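Visitor: Keeping the supplied structure of chain A fixed, place chain B upon it in accordance with the hints.
For the record, the sequence lines run as chains A and B. With the working numbering, the residue at position 53 of the first sequence is 53, and numbering never jumps. With the working numbering, the residue at position 605 of the second sequence is 605, and numbering never jumps.
I should point out that these hints are in silico values taken from the structure, not numbers from a laboratory. These figures come from a predicted structure and were not determined experimentally. Worth double-checking, as some hints may not be accurate.
Simulated crosslink set (DSSO-like; lysine-lysine; CA at most 27 angstroms straight-line) [as the list claims (entries may be wrong)]:
#, chain 1, residue 1, chain 2, residue 2
1, B, 145, A, 24
2, B, 696, A, 11
3, B, 145, B, 165
With the Cβ distance kept under 7 angstroms, some of the chain B side facing chain A (calculated, not the full set) [unchecked claim]:
#, residue
4, 59
5, 90
6, 92
7, 239
8, 242
9, 244
10, 271
11, 275
12, 279
13, 283
14, 405
15, 408
16, 516
17, 518
18, 523
19, 566
All C-beta atoms, glycine included, are put in the ideal place defined by N, C-alpha and C.
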Amino acid sequence: MEKLLKDFTPKESGRVKSINGEGKIRRRLFDMGITPGVEVVMRKAAPLGDPIEITVRGYELTLRKSEAQAVVMEV
Amino acid sequence: MRFALVGNPNSGKTTLFNALTGSTAHVGNWPGVTVDKREGEYKKLPENVDIIDLPGIYSLSPYTPEEVISRDFVLKENPDCIINIVDCTNLERNLYLTTQILELDIPVVVALNMGDVLEKNGDKIDVERLEKELNVPVAIISALKEKGIKELMERGYDVAKKGRKGYSPVSESEVASVLNELIALYKDVPEPLFHSVKMLESDEIEVKNYPEIAKQIKPVLEDYKSHNENFDFECAVADIRYKYITSKLSGVLTKKERKEGLTKSDKADRVLTHRIWGIPIFLVILFLTFHLTFSSNLLFIGSALGDGWVSLEGTVAEGLFGEGGIASPGVFLQNLLTWGTDSLTEAIRGGMENGAVAEWAVGFVCDGIFGGLFAVLSFLPQILLLFLFFSILEDSGYMARVAFILDRVFRKFGLSGRSFMPMIMGFGCSVPAMINTRTLSDERERTATIRVIPFFSCGAKLPILVAIAGALATGFGIGNADLITYGMYVLGMVVAILAVIIMRNTTLKGEAPPFIMELPTYHVPQFKNLMAHLWDKLKHFVKKAFTIILVSTILIWFVSHFSWNWHYLTDSEMNDSILAGIGMLLQPLFTPLGFGSQLGQYGWVFVVAAFTGLIAKENVIATFGTLASCIVAGFEANEALEGVDSVTQLISAIAGDIETTPSALIPMCIAFIAFNMLTIPCFAAVATAKAELPSKKSFNMTLVFWIVTSYIVAMMIYLIGSWWWTLFIFLALWAVVITLIVLTNKGKINLKLLKNKMSFKKRGKSDNKK
Numbered sequence: 001m002e003k004l005l006k007d008f009t010p011k012e013s014g015r016v017k018s019i020n021g022e023g024k025i026r027r028r029l030f031d032m033g034i035t036p037g038v039e040v041v042m043r044k045a046a047p048l049g050d051p052i053e054i055t056v057r058g059y060e061l062t063l064r065k066s067e068a069q070a071v072v073m074e075v
Numbered sequence: 001m002r003f004a005l006v007g008n009p010n011s012g013k014t015t016l017f018n019a020l021t022g023s024t025a026h027v028g029n030w031p032g033v034t035v036d037k038r039e040g041e042y043k044k045l046p047e048n049v050d051i052i053d054l055p056g057i058y059s060l061s062p063y064t065p066e067e068v069i070s071r072d073f074v075l076k077e078n079p080d081c082i083i084n085i086v087d088c089t090n091l092e093r094n095l096y097l098t099t100q101i102l103e104l105d106i107p108v109v110v111a112l113n114m115g116d117v118l119e120k121n122g123d124k125i126d127v128e129r130l131e132k133e134l135n136v137p138v139a140i141i142s143a144l145k146e147k148g149i150k151e152l153m154e155r156g157y158d159v160a161k162k163g164r165k166g167y168s169p170v171s172e173s174e175v176a177s178v179l180n181e182l183i184a185l186y187k188d189v190p191e192p193l194f195h196s197v198k199m200l201e202s203d204e205i206e207v208k209n210y211p212e213i214a215k216q217i218k219p220v221l222e223d224y225k226s227h228n229e230n231f232d233f234e235c236a237v238a239d240i241r242y243k244y245i246t247s248k249l250s251g252v253l254t255k256k257e258r259k260e261g262l263t264k265s266d267k268a269d270r271v272l273t274h275r276i277w278g279i280p281i282f283l284v285i286l287f288l289t290f291h292l293t294f295s296s297n298l299l300f301i302g303s304a305l306g307d308g309w310v311s312l313e314g315t316v317a318e319g320l321f322g323e324g325g326i327a328s329p330g331v332f333l334q335n336l337l338t339w340g341t342d343s344l345t346e347a348i349r350g351g352m353e354n355g356a357v358a359e360w361a362v363g364f365v366c367d368g369i370f371g372g373l374f375a376v377l378s379f380l381p382q383i384l385l386l387f388l389f390f391s392i393l394e395d396s397g398y399m400a401r402v403a404f405i406l407d408r409v410f411r412k413f414g415l416s417g418r419s420f421m422p423m424i425m426g427f428g429c430s431v432p433a434m435i436n437t438r439t440l441s442d443e444r445e446r447t448a449t450i451r452v453i454p455f456f457s458c459g460a461k462l463p464i465l466v467a468i469a470g471a472l473a474t475g476f477g478i479g480n481a482d483l484i485t486y487g488m489y490v491l492g493m494v495v496a497i498l499a500v501i502i503m504r505n506t507t508l509k510g511e512a513p514p515f516i517m518e519l520p521t522y523h524v525p526q527f528k529n530l531m532a533h534l535w536d537k538l539k540h541f542v543k544k545a546f547t548i549i550l551v552s553t554i555l556i557w558f559v560s561h562f563s564w565n566w567h568y569l570t571d572s573e574m575n576d577s578i579l580a581g582i583g584m585l586l587q588p589l590f591t592p593l594g595f596g597s598q599l600g601q602y603g604w605v606f607v608v609a610a611f612t613g614l615i616a617k618e619n620v621i622a623t624f625g626t627l628a629s630c631i632v633a634g635f636e637a638n639e640a641l642e643g644v645d646s647v648t649q650l651i652s653a654i655a656g657d658i659e660t661t662p663s664a665l666i667p668m669c670i671a672f673i674a675f676n677m678l679t680i681p682c683f684a685a686v687a688t689a690k691a692e693l694p695s696k697k698s699f700n701m702t703l704v705f706w707i708v709t710s711y712i713v714a715m716m717i718y719l720i721g722s723w724w725w726t727l728f729i730f731l732a733l734w735a736v737v738i739t740l741i742v743l744t745n746k747g748k749i750n751l752k753l754l755k756n757k758m759s760f761k762k763r764g765k766s767d768n769k770k
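Isolated chain A (complex conformation) (with noise of 0.2 angstroms):
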């Protein structure tokens, strides 16, 4: 099933499946290691409900809700 990483709840986990969007966000997605097929983990939303944390190839990233809408998660 897809589903956008920016509707995942904490400590929900899926792999990559696609990344929409182009210019520099994208770009620097793949940069941090969020490309298709790598396993992500939702950790959790900062204290005023955005932007995001996640665990991915072993690291914590953050990112905001409207840029994890790019991400297409298969779960």
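Guide: Quick look at chain B alone, frame taken from chain A:
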């Protein structure tokens, strides 16, 4: 020989740099780039090796201005060898950068850092095998414990002499044929492999630098895409790199089975970014940082125990600890330094007077040189201490979490959570704060942040607040000094926020910049690194004090002690000085702000004080001290008055002179504080802004922005404070301006020409939409 140090942020790069170079480190200037890089020497090889510490990067496709520096350096400066520092506890992502470095024809040695932490975790790494897989020397080191460093450098030295040919896993992938076509196109350019892969990824800088090749290869890429169901080259290259890494690592890294559970870092994070407690904890930490640096009543112990519980009167300690409370470390150190420099000045003055040296020479040395220089140096302890606290928060990994917590708030203003750090540093000193904006990825965000940093009132502006607010409260019983001081701090922040919002809607339009950031593992900051940060800062500050500030204090002394016909004036004759002449000439300009012509014959003091503030904001009150002592009758001409007293005396003198009550001068005094807080900052900050802003034009705009903002805010304070009904005029004007901005942005009206003329005003008026 020259080695460049390249690695991810938080990989221990700075620690390794310090271990390699020891005391030889200094900030070097490189032609063509306006920013500095740290460099030093490693001396334990047959020949000395220069080590250049480059900003931490995740990829050679730069994202922030800092990252551009690193890419430009490795491509343009041709280092003899790259030391690629890799954090072994986070191999996968760290090696991603390595795959890009390996595409260059530059010799590489990989330094696997934090080997000790890896072992402690029970993981194992097969260094020999990794070396074989990557085909470059790999050395396991601990930068912190300075282990393995000699071997690393020896191996680097060996490969540097041999040279290397670049390698990319892309050459062995499905798109190898396209890559080979690109390499052929780049045959006349150095580093063809690196450029070809970057072009394949449609890297922004690459396409911009080689538009011809981009055009030539386009049909080939399009053709490939059409035959391979919309093939995505950018994604494919990243994927090839990561797949290459995972395949190489499979036999190299053996991870011990982890017990399910939280690491120490996870536990700390659970508290510090807690859904409810995260924000209050942050506020407490922030308060403590400033309290420990600036408070003269540490933890309010003095107030709690009542006045006079410590009686240090008459002892040396009275000056050091202050009255009624215990001084914070920052204030204590400052008092200590001031005590030392004052004693020194007095000793020299005494010596010179006994030696019958001419009066002007005594004044020149003691007031002109030492007076100005020491006034500036007296803030060094507090600036260093604040910097130390921020370094601790940064190095421990907490600052990244602060950005995480606050991003939501900052986005509303059109910024990202990262811009919080430089802004808050502005409370200490604008110079490091502006340099810190290099971590911001978006140029417009960076420009907006640099412009409002001075509104976060720095340590040097504090005396202005304290002296004037103190004079109003103690001298005339008007208001509460603390309240006025805090109020002015808040005003600065409010103006900053409104200015950012208006800029982001007019001249610096754009979406809120993206926020994709690593949250590094928490760890205890290293004492050695902190000291290295402080040492850099200290050198920078002292250098500044002995160059630009020294020259300008001497200049001010001359123009305030000589008349137009080069006749030496004693302090009491200062009204005839060149400086007074200039002040009187400019005075009418400040009439709408309340400290212009209406203040009569002494009004020029305010104007001159504001101008001397351009050299260093400490000068504003220092100027009051010097000038008040000669204007106000009944005071010894040579005795410089203390801050609060000097302002009190001056205000009384002016009130008497123009026959009004001191309370009628309150709006003027507040307007004067606001003007000084918001106007062009000190020369040092101006010079930094010039170096950090993207263009000359944007720097000039910034100067205009500072002048206009300060002028308008001060004018509003004075006018509304003096005649309350003017509030309605300002409200109406603001309503018009805001409506125009909104309508223009919605495309309802085209004010292109008008807008260009008005944009200055709008941005300046950014404040007090009350």
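Visitor: Each hint needs a verdict: does it hold in this structure or not?
Guide: Structure-based check of all given hints:
no., hint, verdict
1, 145(B) to 24(A), "38 angstroms, violated"
2, 696(B) to 11(A), "49 angstroms, violated"
3, 145(B) to 165(B), "33 angstroms, violated"
4, 59, "4 angstroms, holds"
5, 90, "5 angstroms, holds"
6, 92, "4 angstroms, holds"
7, 239, "5 angstroms, holds"
8, 242, "5 angstroms, holds"
9, 244, "12 angstroms, violated"
10, 271, "12 angstroms, violated"
11, 275, "5 angstroms, holds"
12, 279, "6 angstroms, holds"
13, 283, "12 angstroms, violated"
14, 405, "6 angstroms, holds"
15, 408, "4 angstroms, holds"
16, 516, "5 angstroms, holds"
17, 518, "6 angstroms, holds"
18, 523, "13 angstroms, violated"
19, 566, "60 angstroms, violated"
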